[in-house]
Amino acid sequence: METKGKVRSFAEIFGEEAVIDQKPAGNKVEISIGKLIPFKGHPFKLYQGERLQGLVDSIREIGVILPVVVRPIKDGDYEILSGHNRVNAARIAGLDIVPAIIKEGLTEEEANLIVTETNLLQRSFSDLSHSERAIALKRHYDNIKEQSKKAQLKNAQNLEIKRKLDFINEIER
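My numbering applies: residue 72 is where the sequence shown begins, and numbers increase by one.
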């Protein structure tokens with residue numbers, strides 16, 4: 072059933088899907104909460120009040136079901152890309168570890184897209200404050216634009232390589 076006026080994803084706003092290089096799915100592990108660092112400049116507010124308490128109660132009862140998504144940073148720590156609220160609620164619930172998927176080799180653009188997209192999957196776009204919407208839209212647009220530039224550069228480099236190979240093949244004939 073189509074809900075009028077409610078935007079559910081960036082794809083609806085921009086009319087295209089983000090182009091993200093395929094990376095390995097990641098390794099699922101258990102990570103100490105003490106090794107998890109919030110994403111720098113995380114633009115979304117953490118849950119508070121009843122919503123936070125509901126998550127804490129759920130985690131106390133059945134644990135953290137969905138792994139958080141992290142990437143390695145210095146000194147054996149990990150930056151949280153997805154799951155800030157789960158980590159916060161797990162900490163409040165008294166857990167020492169959470170399940171996590173480690174994503175290695177991500178570009179800054181890819182990390183930003185994971186942060187933005189996963190938050191919008193968890194929340195309705197209309198649940199965000201105006202400033203969160205603006206920040207999310209700008210980051211998403213900037214990251215897609217940067218990926219597009221990289222794709223164009225890669226295509227240009229591939230074309231140049233092909234021209235050189237064609238030239239070499241022509242000389243060898």
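Hints are computed from structural coordinates only; laboratory data are not their basis. Hints should not be assumed to be uniformly reliable.
The following label-pair restraints were derived from C-beta to C-beta distances [as the list claims (entries may be wrong)]:
1. Glu-175 <-> Glu-121: 12 to 22 Å
2. Ile-144 <-> Tyr-212: 17 to 27 Å
3. Gly-176 <-> Glu-241: 31 to 41 Å
4. Gln-119 <-> Gly-176: 33 to 43 Å
5. Ser-202 <-> Val-100: 32 to 42 Å
6. Ala-205 <-> Ile-239: 44 to 54 Å
7. Ile-242 <-> Pro-109: 53 to 63 Å
8. Lys-106 <-> Glu-241: 21 to 31 Å
9. Lys-216 <-> Ile-136: 15 to 25 Å
We put the CB at the ideal spot given by N, CA and C, even for glycine.
The hints, checked one at a time:
For Glu-175 and Glu-121, the hinted distance range of 12 to 22 Å is not satisfied, since their beta carbons lie about 37 Å from each other. At about 26 Å, the beta-carbon gap between Ile-144 and Tyr-212 stays in the expected band of 17 to 27 Å. At about 38 Å, the CB distance of Gly-176 to Glu-241 agrees with the hint of 31 to 41 Å. Against the hinted window of 33 to 43 Å, the Cβ-Cβ separation of Gln-119 and Gly-176 comes to about 34 Å, which satisfies the hint.
Checked against the given bound of 32 to 42 Å, the beta carbons of Ser-202 and Val-100, roughly 34 Å apart, stay inside it. The beta-carbon spacing between Ala-205 and Ile-239, approximately 51 Å, falls within the hinted interval of 44 to 54 Å. Taking 53 to 63 Å as the suggested C-beta distance range, the pair Ile-242 and Pro-109 conforms, at roughly 57 Å. The given range of 21 to 31 Å is broken by Lys-106 and Glu-241, whose C-beta atoms sit roughly 57 Å from each other.
Between Lys-216 and Ile-136 the beta carbons are some 35 Å apart, a value that contradicts the proposed interval 15 to 25 Å.
Going down the numbered hints, you'll see the structure goes against 1, 8, 9, while the others check out.
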